[in-house]
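Trainee: Sequence:
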Amino acid sequence: MMFYLAYLKTRTMKTNFKTILKTTLIVVCLFSRFMVNGQACTPAGDQTTYGTNNVWIGYVYSGTNFNTYRGYVNEGITTNPDFDQSFGGANVTYNTNGCSVTTQAFSVRYRLRKTYTNQNIQFTVGGDDGYRLSIDGGATWLINRWADQGYVATATTAFMNGTYDIVLEYYENSGDNRISFSSASICTGSEDPSVYGTNNVWRGYIYQGTNFNTYKGVKTEGTTLNPNFDEGFGGDNVSISTIACPINTENFSARFRLTRFMSAGTYVFTIGGDDGYRFSLDGGATWVINMWNTQSYNISSYTVALNGTHDMVVEYFEASGQNRITFTMSASLLPVKLTSFSANAVSSSKVLLT
Numbered sequence: 001m002m003f004y005l006a007y008l009k010t011r012t013m014k015t016n017f018k019t020i021l022k023t024t025l026i027v028v029c030l031f032s033r034f035m036v037n038g039q040a041c042t043p044a045g046d047q048t049t050y051g052t053n054n055v056w057i058g059y060v061y062s063g064t065n066f067n068t069y070r071g072y073v074n075e076g077i078t079t080n081p082d083f084d085q086s087f088g089g090a091n092v093t094y095n096t097n098g099c100s101v102t103t104q105a106f107s108v109r110y111r112l113r114k115t116y117t118n119q120n121i122q123f124t125v126g127g128d129d130g131y132r133l134s135i136d137g138g139a140t141w142l143i144n145r146w147a148d149q150g151y152v153a154t155a156t157t158a159f160m161n162g163t164y165d166i167v168l169e170y171y172e173n174s175g176d177n178r179i180s181f182s183s184a185s186i187c188t189g190s191e192d193p194s195v196y197g198t199n200n201v202w203r204g205y206i207y208q209g210t211n212f213n214t215y216k217g218v219k220t221e222g223t224t225l226n227p228n229f230d231e232g233f234g235g236d237n238v239s240i241s242t243i244a245c246p247i248n249t250e251n252f253s254a255r256f257r258l259t260r261f262m263s264a265g266t267y268v269f270t271i272g273g274d275d276g277y278r279f280s281l282d283g284g285a286t287w288v289i290n291m292w293n294t295q296s297y298n299i300s301s302y303t304v305a306l307n308g309t310h311d312m313v314v315e316y317f318e319a320s321g322q323n324r325i326t327f328t329m330s331a332s333l334l335p336v337k338l339t340s341f342s343a344n345a346v347s348s349s350k351v352l353l354t
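The opening residue of the sequence shown carries number 1 in our numbering; numbering runs sequentially from there.
I should point out that these hints are in silico values taken from the structure, not numbers from a laboratory.
A quick note: this is a predicted structure, and the numbers were derived from the prediction, not measured.
Straight-line Cα separation of at most 16 angstroms, EDC-like style, residue types lysine to aspartate or glutamate; simulated pairs:
{"#": "1", "residue 1": "K219", "residue 2": "D230"}
{"#": "2", "residue 1": "K219", "residue 2": "E231"}
{"#": "3", "residue 1": "K219", "residue 2": "D192"}
{"#": "4", "residue 1": "K219", "residue 2": "E191"}
Using the sequences and the accompanying hints, generate a full structural model.
Mentor: Next comes the structure, spelled out in structure tokens:
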């Protein structure tokens, strides 16, 4: 009997030991998994420093609104800031210099400080989902498509001269993910587009885009004898090859400038255009003729008494189809009224008026 009781006691102790050991192993395994997958790691990077030498610093966050900082990554190379990143795929683990993040419901803020010298730069950004691009540290957005969407690219052009803090923000909600960036210097005119023509010859500054987007070169109008002109740019959807950077006659704009002295008199200005046009006598501060809309060719006139020097501006844009811009000016000078005169005899048959 005593032997049997001792046997039961020993067996119970062994069973309890196995249970304790098994429980301990389970706890250790769970703790190990937590340490691997959920440890409170310390992300590297300060979230504010800008990359240099064409290499971006991208600060990675869990959450679509930069919620929890996880670490940083780099994009671009010293010779080129362009990149195209898909984060390894949809709903996978993406490693950073710090903590990893799952590629669902996450966001990235890329920073790059870069210097440009008198260049028109075309920026192209694509993303799935939202993205936005700033050249002033995030104060304003040059490109802004901050919404859930399939991959789509957006391009814009900006004149760059100096050092810029470029910020590219991106978020991914669910599904596929991708963010891309590219930039390129594009052909532009070298003239100063603020200079006015003189001696009846206009300086016409031509731009790609209907809102004076990218300066392409200068074209003159009028002659030293007459400022009037009628310009059709060579036809519909053809190349303007007489400027520094040729463009097609679709989706473009022009700003014509002329400084001219007006003798005292009444002047009639007639402007015509297909599409939009407007006319100013004060350098573009106000518009005395304003037909700034898509339209077939039509004319508008303005009559005014003038005396002195005026900075005339004719602005024009063409969307598509036919294109034409015209300018005519006529004057009725004030009559000279003789109020008095005197005469001195110089001979028996001649007098000298004074």
